[in-house]
Amino acid sequence: LRRGRGTTCRHRHVESWRRRYPEENRNYAVGYDESTAESSSAVESKDTVARALVVGGGPAGLATAIMLAQKGWKVRVVEKRDAPPPPSDASYTSNPDRSYNLGVSARGQTVLDRLGVLENVLKFASFNYGRQTWDENGNTKLQLRKAESYQAICIQRDRLTGVLLEAARTYSSIEIEHNVEVSSITWNSSGPQVSLGEEEKVFPDLLVGADGFNSKVAKALESEGVSPIKVKTFEDKNTRVYKTVPLDYDLDKSCDFRRDLNFSVLSQNGAEVTLEVLPTAEGKGVGVCLYKPGNKAVELAASAEKAKELFVENFPQFSTVIPDSAFGAFASQRDQRLPVFQVALNSLVGPKTVCIGDAIHTVKPYFGLGVNSAFEDVGAFANALEGVEPGNLASEDLEKSLDSYSSQHKENCAALVRMSRSFDGGFLTFVLPIILDSIFSKIFPKLFGPISIRMLQQHELPFGKASFIKRRDRALQVAILSAVLYAIVR
1 LRRGRGTTCR HRHVESWRRR YPEENRNYAV GYDESTAESS SAVESKDTVA RALVVGGGPA
61 GLATAIMLAQ KGWKVRVVEK RDAPPPPSDA SYTSNPDRSY NLGVSARGQT VLDRLGVLEN
121 VLKFASFNYG RQTWDENGNT KLQLRKAESY QAICIQRDRL TGVLLEAART YSSIEIEHNV
181 EVSSITWNSS GPQVSLGEEE KVFPDLLVGA DGFNSKVAKA LESEGVSPIK VKTFEDKNTR
241 VYKTVPLDYD LDKSCDFRRD LNFSVLSQNG AEVTLEVLPT AEGKGVGVCL YKPGNKAVEL
301 AASAEKAKEL FVENFPQFST VIPDSAFGAF ASQRDQRLPV FQVALNSLVG PKTVCIGDAI
361 HTVKPYFGLG VNSAFEDVGA FANALEGVEP GNLASEDLEK SLDSYSSQHK ENCAALVRMS
421 RSFDGGFLTF VLPIILDSIF SKIFPKLFGP ISIRMLQQHE LPFGKASFIK RRDRALQVAI
481 LSAVLYAIVR
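Its first residue numbered 1, the sequence shown is counted upward by one per residue in my numbering.
Keep in mind the hints are simulated off the structure, nothing from the lab.
Mixed in with the good hints there might be a few duds.
No farther apart than 35 Å at their CA atoms in a straight line, the calculated lysine-lysine pairs in the DSBU-like style are these [as the list claims (entries may be wrong)]:
1. LYS80 with LYS253
2. LYS400 with LYS352
3. LYS71 with LYS232
4. LYS364 with LYS71
5. LYS364 with LYS465
6. LYS141 with LYS237
The following label-pair restraints were derived from C-beta to C-beta distances [to be verified]:
7. ASN346 with ALA302: 19 to 29 Å
8. GLU136 with GLU199: 53 to 63 Å
9. ARG258 with GLY197: 41 to 51 Å
10. LYS141 with SER184: 48 to 58 Å
11. THR320 with LEU300: 16 to 26 Å
12. LYS230 with GLN408: 11 to 21 Å
13. LYS296 with GLU177: 36 to 46 Å
14. THR320 with ASN346: 47 to 57 Å
15. VAL484 with GLY387: 49 to 59 Å
16. SER482 with SER422: 17 to 27 Å
17. PRO450 with ALA90: 33 to 43 Å
Since this is a predicted model, take the numbers as computed values, not measurements.
Backbone N, C-alpha and C fix where the C-beta goes; we use that ideal spot for every residue, glycine too.
Work out the full structure, taking the sequences as your base and the hints as a guide.
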């Protein structure tokens with residue numbers, strides 16, 4: 001019997017299904033629709049049975065699959081893209097296009113540790129102990145972090161996915177398929193109905209939308225009217241695009257760059273490009289050049305020679321550690337866009353459906369909050385599922401757990417996007433608040449919190465609470481400054 005096609009051995013399959021599932025659970029069997037059981041091409045062979053269907057095979061989706069498997073669920077993961085190479089593959093060292101680096105802080109690491117996969121991730125990651133910056137005049141500043149129980153790490157996104165993919169494949173209850181596209185999602189009284197490709201239909205007990213920005217699951221919940229969820233996409237008022245470039249510090253034996261720092265460099269010759277570099281496990285670097293669309297200096301760097309000239313003139317401290325082959329690759333790269341801000345409002349769930357990660361909160365990757373907040377979603381969902389028995393499908397425990405996850409977590413999602421958007425603004429929404437927070441927290445440390453970025457990096461502090469503290473701080477600052485100004489004027 002081919003998956004989701006034809007009726008070969010149909011009657012024998014239906015009898016097998018009847019033996020496998022008790023009467024009260026039949027409507028939840030993946031691929032089964034009792035009204036068309038004898039003739040529908042939606043009939044599935046039993047090897048496709050999966051109580052939970054996870055749409056999206058990135059870090060968030062795979063972490064969710066592992067969590068559900070540990071709780072006794074049978075899980076099927078479908079991903080529309082190709083599978084990444086194994087984490088030990090040489091391409092992660094030689095090809096920066098493989099993926100840009102991610103910073104995984106204590107927020108994400110605590111969840112990975114809870115899932116039992118952190119040790120595997122650390123094998124392919126670089127610890128990060130601080131940041132070194134250069135301004136447009138070449139002046140440098142070093143900021144070191146103190147050692148922590150969960151020290152920040154850097155790892156390429158595809159490599160992180162590869163590690164989690166290997167971990168998920170160790171569970172016999174997890175089935176993972178790549179190059180599988182979701183074509184439609186609807187809901188009836190029994191729950192979600194998902195069409196995969198042109199012919200296959202599945203009817204999971206739980207549908208997980210981990211399919212990122214413009215999530216099909218989240219958008220379907222809204223368009224079908226089965227959830228109060230509303231996906232809001234914000235206009236990008238500070239558009240940036242990027243190209244990647246590898247750094248190999250062994251090319252210049254005289255260079256003394258630390259290989260456990262991230263670097264941020266402003267262009268020194270007016271190119272209006274920022275180079276952000278994160279370390280890899282092999283002691284090399286993955287550089288991301290950020291600039292506005294239509295940047296003239298980047299457009300002129302259309303050949304290997306011109307690209308090298310761009311780096312020599314604007315980033316001289318790094319020009320000797322960029323392989324010659326990388327300049328031609330840089331010149332031929334297309335501009336890649338950063339995601340725009342997006343948030344799910346009112347609800348994060350629907351009937352037997354839950355959304356996590358970028359599906360409910362998409363932010364720009366400036367401060368390493370994207371993947372860490374996605375892992376926090378997994379942890380929050382795991383907490384909400386405590387006590388739910390995967391085999392007890394007649395109970396209302398699952399719906400109560402989904403409602404609990406949504407009601408307790410949706411403000412954290414909204415707060416994350418709201419605060420991250422303020423970082424993407426100009427002087428009034430980003431620079432001025434940092435100045436005020438720095439002054440007031442230093443003078444009144446027990447009354448005012450630290451700057452917003454540091455608060456969001458405190459893993460024990462929920463985003464919603466951090467946002468509340470900042471709103472309170474801002475109100476107190478305005479009151480104090482108004483009183484001082486009034487006294488001066490008088």
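Problem - Ascending list of hint numbers which this structure does not respect - result: Per hint list: 1, 7 violated.
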